[in-house]
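From first to last, the protein sequence lines stand for chains Y and V. The letter at position 256 of the first sequence is residue 256 when you use the numbering used here, and the numbering goes up by one with no holes. The letter at position 202 of the second sequence is residue 202 when you use the numbering used here, and the numbering goes up by one with no holes.
Mixed in with the good hints, there may be bad ones.
Said to hold, decoys possible - Label-pair distances were calculated between CB atoms; the ranges are:
id	chain 1	residue 1	chain 2	residue 2	range
1	Y	T142	V	D160	48 to 58 Å
2	Y	T142	V	D229	40 to 50 Å
3	Y	N7	V	G230	46 to 56 Å
4	V	P187	Y	P64	21 to 31 Å
5	Y	P64	V	G202	43 to 53 Å
6	Y	A31	V	D229	18 to 28 Å
7	Y	E79	V	E146	51 to 61 Å
What the hints assert, rightly or not - Derived BS3-like pairs (lysine-lysine); straight-line CA-CA distance at most 30 Å:
id	chain 1	residue 1	chain 2	residue 2
8	V	K2	V	K241
9	V	K105	V	K149
10	V	K2	Y	K276
11	V	K61	V	K2
12	Y	K276	V	K79
13	V	K241	Y	K91
14	V	K34	Y	K91
15	V	K2	V	K124
16	V	K61	V	K97
17	Y	K235	Y	K158
18	Y	K276	V	K124
19	V	K154	V	K34
20	V	K139	V	K124
21	Y	K235	Y	K143
22	V	K97	Y	K91
23	V	K241	Y	K276
24	Y	K143	Y	K158
25	Y	K291	Y	K14
26	V	K154	V	K97
27	V	K252	V	K195
28	V	K139	V	K34
29	Y	K14	V	K2
30	V	K124	V	K195
31	V	K2	Y	K91
32	V	K105	V	K61
33	V	K124	V	K97
34	V	K105	V	K241
Since the hints were made in silico from the structure, they are not lab data. Beta carbons are placed, not taken as given, at the ideal position from N, Cα and C, and that holds for glycine.
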Amino acid sequence: MAALNVNIAGVEFKNPIIAASGTFGFGREYAELYPLSELGGISCKGTTLYERPGNPPPRVAETPGGMLNAVGLQNPGVEHFINEDLPWLEKQGTRIIANVAGSSVEDYCRTAELLNDTAVDMVELNISCPNVKEGGVQFGVTKEGVEGMTRAVRDRCKKPLMVKLSPNVTDITEMAIAAESGGADALSLINTLTGMRIDINSRRPIIRNNTGGLSGPAVLPVAIRMVWQVSQRVKLPVVGLGGISTWQDAVEMLLAGASAIQVGTAIFTDPYAPIKIRDGLLEFMDKNGVKSLSELTGGVRPW
Amino acid sequence: MKSYDSRPARLLSARELAPGIFDFTLNCPELAAKAVPGQFAQILVPGHTLRRPISICGIDKASGTLRFVFQVRGEGTEKLSRYRPGDDIDILAPLGKGFPLDRTKRTLLMGGGIGAPPLLAAAKELGETAVAVLGFRNKELAILEEDFKNTGAKVLIATDDGSYGYHGLVTELAAGEDFQVLMACGPRPMLRGAKALAESRGVPGYLSLEQRMACGVGACLGCAVALTDGSGREYFGHVCKDGPVFPMDMVKEV
Ligand SMILES: Cc1cc2nc3c(=O)[nH]c(=O)nc-3n(C[C@H](O)[C@H](O)[C@H](O)COP(=O)(O)OP(=O)(O)OC[C@H]3O[C@@H](n4cnc5c(N)ncnc54)[C@H](O)[C@@H]3O)c2cc1C
Ligand SMILES: Cc1cc2nc3c(=O)[nH]c(=O)nc-3n(C[C@H](O)[C@H](O)[C@H](O)COP(=O)(O)O)c2cc1C
Ligand code: FES
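With the hints as constraints, model all of the structure from the sequences given.
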């Protein structure tokens with residue numbers, strides 16, 4: 001049987017399927033359905049230094065092949081995460097990735113510092129949340145911003161550091177290179193693409209925030225393209241996400257250059273999607289004589 | 001034991017109750033066994049990213065079925081309405097917190113339009129202690145009267161155009177009733193009227209709310225609703241997990 005394990009920035013994942021931040025809460029709701037130990041890891045809901053109320057509703061809207069969201073980083077703050085969610089999470093037998101957001105470089109640094117002596121396996125720096133005025137995206141859309149933020153957090157964060165990139169930029173490879181120069185240990189991409197929908201009768205945007213982040217199958221080709229471009233330009237391991245809903249999508253993402261993948265919106269359509277993707281991937285590898293994931297990562301044969 | 005699950009359920013019967021309003025009975029013994037009135041299901045519509053939240057209208061634990069009554073509103077409910085008996089429909093259920101029912105209390109169930117179906121499950125549990133006051137646009141859209149009567153509840157019907165029952169608002173019709181607790185499901189203006197009525201009688205009231213949803217289980221924080229806690233602090237709760245039924249005093253803006 002093929003081996004599904006993968007090592008990213010020194011963290012060993014039993015399989016390459018990670019639940020994407022913001023779509024899986026802190027895992028409790030889905031632990032009703034299957035043991036979280038079935039997953040390689042969980043990227044938790046974005047956490048900030050202090051509690052955030054989030055945006056007024058409506059926060060979600062359906063789109064062709066996907067959805068928009070503008071949750072606005074509602075979360076109880078990092079100390080609540082450490083005291084109330086982590087003790088339970090660390091008993092679930094899966095890797096825990098803390099997704100960190102903030103409004104200033106100092107916020108990010110202090111949040112990451114508070115996680116230093118906890119059971120968290122990895123920190124994912126969310127410098128790409130498009131849904132709050134000060135949600136970090138301003139740090140994620142210039143190379144200076146990305147490099148500066150990454151370096152500042154790197155200096156104070158003891159955990160392996162993964163930087164999550166925004167697709168809302170002209171050239172994502174510039175941001176990837178900036179994160180690498182700043183000292184990132186891994187990259188994850190993509191976060192959501194800023195979008196909008198309007199109710200034609202009321203002439204109101206469906207999302208109260210007017211705009212929201214697009215995710216789901218509709219963004220898959222963009223994510224594949226970006227992972228492909230980025231993985232050729234950096235040495236860092238890349239975790240690919242954006243629109244993955246089937247095992248075939250996952251194989252595609254690995255071939256594009258990803259070492260592991262995250263599944264987000266697909267969980268809303270089918271809560272068992274991560275498990276089905278894992279099983280399908282394993283079967284595909286066995287059928288094709290692929291012994292390990294590294295034989296797939298970056299295996300695309302471009303024209 | 002799983003308190004909810006996602007699984008295919010066989011459609012046993014499908015009927016058009018009124019123009020554009022459909023009545024489905026699904027075979028799902030494991031899910032029916034756990035369901036309580038006021039809870040809902042997230043129904044998968046193939047080809048759509050988001051599931052459609054639909055309230056549970058009937059729970060039959062003996063036959064292992066759940067009943068749903070829904071109105072065609074857009075693409076998803078339209079596709080759903082085309083399912084035929086024998087088809088499988090994937091549902092994630094039972095979700096949310098239901099109505100806090102107490103058979104010792106005279107309970108006013110106030111339903112407006114497609115807000116009536118979830119109250120039927122409550123009526124069945126309450127029997128003769130319930131009085132159901134239901135409002136519809138017109139006679140053609142007045143659904144479930146017989147079903148409500150069969151529960152033993154007292155049933156009063158109002159229509160906006162006077163084509164059936166009382167000519168006027170449910171809130172006016174309900175004002176003639178005595179009750180110790182109120183449960184309401186329907187459009188916002190009706191919920192406001194329900195809250196005002198319960199307040200004027202000094203009795204507790206519970207409102208079933210709607211919001212656009214993604215996960216349906218409390219993980220994505222998509223279905224926010226502005227709430228106030230006991231100390232007056234305002235915060236965003238979530239319709240799928242904290243509700244859909246809320247004590248009326250918690251709901252900031254009805
Ligand atoms: C807890 C709950 C219980 C419900 N129970 C019932 C019921 O028993 N019977 C019934 O007929 N309807 C019920 N609704 C409303 C029903 O969910 C919507 O009418 C339905 O989602 C519309 O889908 P559509 O694809 O036809 O419309 P579209 O407008 O094409 O839908 C687009 C998107 O918006 C969402 N959406 C649109 N209107 C609503 C709404 N009012 N509430 C939540 N999401 C919405 C859809 O789910 C979908 O994601 C309930 C809603 C909630 C939140
Ligand atoms: C409801 C929702 C909430 C999200 N919250 C976060 C978040 O807190 N932090 C973050 O880095 N990404 C967040 N994301 C983005 C996802 O993690 C992911 O990058 C994006 O949705 C693309 O992947 P997908 O198409 O598989 O969902 C959120 C996405 C959704 C749909
Ligand atoms: S729909 Fe996800 S939290 Fe309610």
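Hints, verified against the model:
Between T142 of chain Y and D160 of chain V the beta carbon distance is about 57 Å. The supplied range of 48 to 58 Å therefore holds. Distance hint check for T142 of chain Y and D229 of chain V: the Cβ-Cβ separation is about 41 Å, which falls inside the suggested range of 40 to 50 Å. Range check, N7 of chain Y to G230 of chain V: Cβ separation about 49 Å, and the 46 to 56 Å hint holds. Roughly 28 Å separates the CB atoms of P187 of chain V and P64 of chain Y, a value that falls within the hinted 21 to 31 Å.
A beta carbon spacing of about 50 Å between P64 of chain Y and G202 of chain V agrees with the range 43 to 53 Å that was offered as a hint. At roughly 26 Å, the beta-carbon separation of A31 of chain Y and D229 of chain V lies within the given 18 to 28 Å, and the hint holds. Taken as a hint, the range 51 to 61 Å holds for the pair E79 of chain Y and E146 of chain V, whose Cβ atoms sit roughly 56 Å apart. For the hint pairing K2 of chain V with K241 of chain V, the CA-to-CA distance comes to about 15 Å; that is within 30 Å, so the pair holds.
Among the hinted pairs, K105 of chain V with K149 of chain V is consistent with the structure: their alpha-carbon atoms are about 18 Å apart, no more than 30 Å. Of the pairs offered as hints, the one joining K2 of chain V and K276 of chain Y holds, with about 19 Å between alpha carbons and a cut-off of 30 Å not exceeded. Proximity of K61 of chain V to K2 of chain V is assessed by CA-CA distance (about 17 Å); at most 30 Å being required, the pair is judged to hold. Taking the CA atoms of K276 of chain Y and K79 of chain V, the gap is about 25 Å. The hint holds against a cut of 30 Å.
For the given pair, K241 of chain V sits about 24 Å from K91 of chain Y by alpha-carbon distance, which is consistent with the 30 Å threshold. Taking the CA atoms of K34 of chain V and K91 of chain Y, the gap is near 27 Å; set against the 30 Å cutoff, the hint holds. At roughly 25 Å between alpha-carbon atoms, K2 of chain V and K124 of chain V fall within 30 Å of each other, so this suggested pair holds. Of the pairs offered as hints, the one joining K61 of chain V and K97 of chain V holds, with about 18 Å between alpha carbons and a cut-off of 30 Å not exceeded.
For the hint linking K235 of chain Y to K158 of chain Y, the alpha-carbon distance of about 21 Å falls within 30 Å, and the restraint holds. Taking the CA atoms of K276 of chain Y and K124 of chain V, the gap is near 39 Å; set against the 30 Å cutoff, the hint is violated. This hinted pair checks out: K154 of chain V and K34 of chain V have alpha carbons roughly 27 Å apart, not beyond 30 Å. Distance restraint check for K139 of chain V and K124 of chain V: the Cα-Cα separation of roughly 23 Å lies within the 30 Å cut-off, and the hinted pair is therefore satisfied.
This hinted pair checks out: K235 of chain Y and K143 of chain Y have alpha carbons roughly 17 Å apart, not beyond 30 Å. Straight-line distance between C-alpha atoms of K97 of chain V and K91 of chain Y comes to about 27 Å, which keeps the hinted pair within the 30 Å bound. With a C-alpha separation of about 25 Å, the suggested pair K241 of chain V and K276 of chain Y falls inside the 30 Å cut-off, and the hint holds. Of the pairs offered as hints, the one joining K143 of chain Y and K158 of chain Y holds, with about 23 Å between alpha carbons and a cut-off of 30 Å not exceeded.
With a CA separation close to 15 Å, the supplied pair K291 of chain Y and K14 of chain Y stays within the 30 Å bound. Simply put, K154 of chain V and K97 of chain V have alpha-carbon atoms about 25 Å apart, close enough for the 30 Å limit, and the pair holds. For the proposed pair K252 of chain V and K195 of chain V, the alpha carbon gap of about 12 Å is at most 30 Å, so the pair holds. For a cut-off of 30 Å, the pair hint linking K139 of chain V to K34 of chain V is broken: about 35 Å separates their Cα positions.
Note on K14 of chain Y and K2 of chain V: the hinted pairing holds, with a Cα-Cα distance of about 25 Å set against a maximum of 30 Å. Straight-line distance between C-alpha atoms of K124 of chain V and K195 of chain V comes to about 23 Å, which keeps the hinted pair within the 30 Å bound. Among the hinted pairs, K2 of chain V with K91 of chain Y is consistent with the structure: their alpha-carbon atoms are about 19 Å apart, no more than 30 Å. Among the hinted pairs, K105 of chain V with K61 of chain V is consistent with the structure: their alpha-carbon atoms are about 24 Å apart, no more than 30 Å.
For the hint linking K124 of chain V to K97 of chain V, the alpha-carbon distance of about 17 Å falls within 30 Å, and the restraint holds. Restraint check: the Cα-Cα separation between K105 of chain V and K241 of chain V comes to about 26 Å, which is no more than 30 Å; the hinted pair holds.
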